[in-house]
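Number of protein chains: 2
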Amino acid sequence: MKVELISIGDELLIGQTVNTNASWIGEQLAKRGVEVENAVTIKDDKQSIISALDVALKRSEVVIITGGLGPTKDDITKKVLTNYFKTELVINEEVLTRVRGFFEMRGKEMLDINIQQAALPKSATILHNQVGTASGMWFEEKGKVIISLPGVPYEMKHLLSTQGFDLLMGRFGVQELYNQTIQFQGVGESYLADKISDIEDVLAKKNIKLAYLPSTGMLRLRFTGASSDEVKKTISETINELYNRLPKYLFGGEGKGLSEVVGDLLVEENATVGTVESCTGGALAKEFVQIAGSSRYFEGSIVSYSNELKASIVGVEEDVLKEFGAVSEEVVLQMAKNGRKKLNVDYCIATSGIAGPTGGTDEKPVGLVWIAIAGPEITRAFRFQFGNHRGRNIQSTVLTGLNLLRCQLMGL
Amino acid sequence: MKVELISIGDELLIGQTVNTNASWIGEQLAKRGVEVENAVTIKDDKQSIISALDVALKRSEVVIITGGLGPTKDDITKKVLTNYFKTELVINEEVLTRVRGFFEMRGKEMLDINIQQAALPKSATILHNQVGTASGMWFEEKGKVIISLPGVPYEMKHLLSTQGFDLLMGRFGVQELYNQTIQFQGVGESYLADKISDIEDVLAKKNIKLAYLPSTGMLRLRFTGASSDEVKKTISETINELYNRLPKYLFGGEGKGLSEVVGDLLVEENATVGTVESCTGGALAKEFVQIAGSSRYFEGSIVSYSNELKASIVGVEEDVLKEFGAVSEEVVLQMAKNGRKKLNVDYCIATSGIAGPTGGTDEKPVGLVWIAIAGPEITRAFRFQFGNHRGRNIQSTVLTGLNLLRCQLMGL
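Same order as they appear, the protein sequences are chains X and C. Heads up: the first sequence at position 212 corresponds to 212 in my numbering, and the numbers run straight through without jumps. Heads up: the second sequence at position 21 corresponds to 21 in my numbering, and the numbers run straight through without jumps.
The shape of chain X in the complex, shown without the other chains (with noise of 0.2 angstroms):
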């Protein structure tokens, strides 16, 4: 089935609202192998509505609107949708109850915009909103499905959940899509799809399509193709290859971050890990933080941004600091082992670098970064070279540094 989204609502077009209703309608979809094919957003206009509702009806077999169904003035699909599919509105009793319940059980005086919101279209079937007081639509025209939803994302996300999808499916006998993504830290798009380019080849012939998601120090890869036996074990075999054969790139499968990768492996080892902060300036301990339950293996950072601090709190030798400057990798790997015993952690990641856009020379320009890891065994230092954005600077060194632990964890 052809699935077409329409957002309504002038608040996405001029950029007040990001339209987060569309990416996770898609993504649920995807899940349940039906992908979308057309997201349009339209502002709040009656015409607006008509013309979308006319080219999706024509390209798809299923068209979810969201948006315009509150009860003020500027929320008008309700009415389009009734004139649309030539039927009327009156009051649905069940509905009304529910409505007038919201209230009473707030203390809110009820006004006549409030009891609008049970009158619904009498040919459509309606899912009904325990959590709010716009009601979701269903109309059948054709053989094609029309669902209306509101547009505020727990409503909508409610409303599909409990019964959307569940009729959806259940209507239409669909092809199953199976998808598969993979990430790699430490590896550009045209490096890896030179790597690969045999692999895909041998995907093509088989109908499974491969999309390269870059972003800031990573890069994600999906497979999708037919949801057979026969798709499932090559996407399978072919990630097992590319496990074998880009070890130090490809750190895991969707759903987790980096920075939990590393968190299992940690917990795997009963080990701990600190870091030692320059030019990530506490950006690697956030990444850390910010998963739950990471004070499993978390300890603490020292953040030694000025070199005072280098040398007074992680103990860096000051004739070091002079003869070799912050951003050199005797420095680096003083600070990552003087971080481990400070920290008290077994592992400890150091970062120096000149995140930029300016403090850079002709000998050690912006994007220079060092960045060492100490271990029980061993401590190691890295050179890199990135570009000339701070912001991405940092993310690259986070990430980097991530994935430098995650190989020294596993003896890559």
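It is worth saying that the hints were derived from the structure and are not from the lab. A few of these clues could be false.
[Stated by the list, open to error] Dumping the calculated SDA-like pairs for lysine to any residue here, alpha-carbon to alpha-carbon at most 25 angstroms:
1. Lys2(X) / Lys58(C)
2. Lys58(C) / Ser48(X)
3. Lys206(C) / Asp10(X)
4. Lys58(C) / Val80(C)
5. Lys58(X) / Val55(C)
6. Lys43(C) / Tyr178(X)
7. Lys256(C) / Ser161(C)
8. Lys31(C) / Ser48(X)
9. Lys46(C) / Leu177(X)
10. Lys195(X) / Gly107(C)
11. Lys142(X) / Ser51(C)
12. Lys157(X) / Gly170(X)
13. Lys195(C) / Tyr243(C)
14. Lys31(X) / Leu213(X)
15. Lys209(C) / Thr17(X)
16. Lys43(C) / Thr181(X)
17. Lys322(X) / Asn344(C)
18. Lys364(X) / Gly186(X)
19. Lys248(X) / Gly107(C)
20. Lys157(X) / Gly391(C)
21. Lys43(C) / Ile235(X)
22. Lys46(C) / Val202(X)
23. Lys232(C) / Ile199(C)
24. Lys232(X) / Ile196(X)
25. Lys233(X) / Asn207(X)
26. Lys248(C) / Gln395(C)
27. Lys322(C) / Lys364(C)
28. Lys209(C) / Leu219(C)
[Claimed, not checked] Taking beta-carbon pairs under 7 angstroms as the criterion, some of the chain C residues facing chain X (in silico):
29. Val40
30. Thr72
31. Lys286
32. Val289
33. Ala292
34. Gly300
No experiment lies behind these values; they were computed from the predicted model shown. Cβ coordinates follow ideal geometry from the N, Cα and C atoms, glycine included.
Mind docking chain C on chain X? Use the hints.
For chain C alone, kept in the frame of chain X given last:
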């Protein structure tokens, strides 16, 4: 002019990536007085791109396309556009030189697929990309403008900000709107609306629109009106009135984040700052360090996530930790006071809280956060009760801590 956005990418339709490009472009155009009328998201697929272009060129004067310009096989926009506009790909020497430099600077090998990024449609005006390898393309066809941009957000933003928007505004002679945005911390949308309802009435009479733009721990308020001296004067006077009325919440105009505003105050006072963090885990330090030039005032941090480090490195008394628990007024005050000394700074922000989603008790529920600010003269602690979401609790704590320091620096 009617503007339409076409976002290309399977990852957007199946919800792996939220379409922040569309909202950013929508916001930027709205600021310039231009509203996007339609935004469509389609697959990485030749026929989808052609159909979307056919529809868009019928109803819109300007079509901005994002996505599908990377070097890999799934990125096909450039080829499709080259055929659609009946032109041909030719190597652009200027682009080739820059792409080559891009790889040389990073010491990476340039592959044939990278060279192909310099092959561009002959009839297109090139928007030059200084931050990546995919160029922007500007086509004109029957008085309509079609702009194609890479989907990577910072590359897209760079191309529009440095070239695209100016070209567009010039090409269509758009009447400019005047915008001012101010930023609040610690105040909700409805509270603010209540406090300024009198002002809002006055502005409405002068056709100056107000937009509330909330995000976690922050609220932006945007004024939009005609670009006349009277409107500019009214907005300027209104903002001054708001600075007087809400000094604890209103921290500045757009373009400067809260950590920058605090940084400016510290520079003015020739003072330094550091942080001792528990629940924020380095996120507060990161907020300082992400600002270029923050080394003038930011010295460093201790992330004492474990209780052991709160005692060993920060020097919180163990019996105080035991008696009151890590999340307490007593502990956070010691963290801030000791931090001032250990980090040798004038001001220290300390945080301790239960970020969640688990770990709460009846007495100390998830979302409870203590923040202390230690300065040369006074040290104060503040108690907050945020929500259930770990990431939002951390972010709210970071922004609240920065704003408390701002208030202390300003004597509020």
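field: Violated hints - listed by number, lowest first
entry: Result: no hint breaks.
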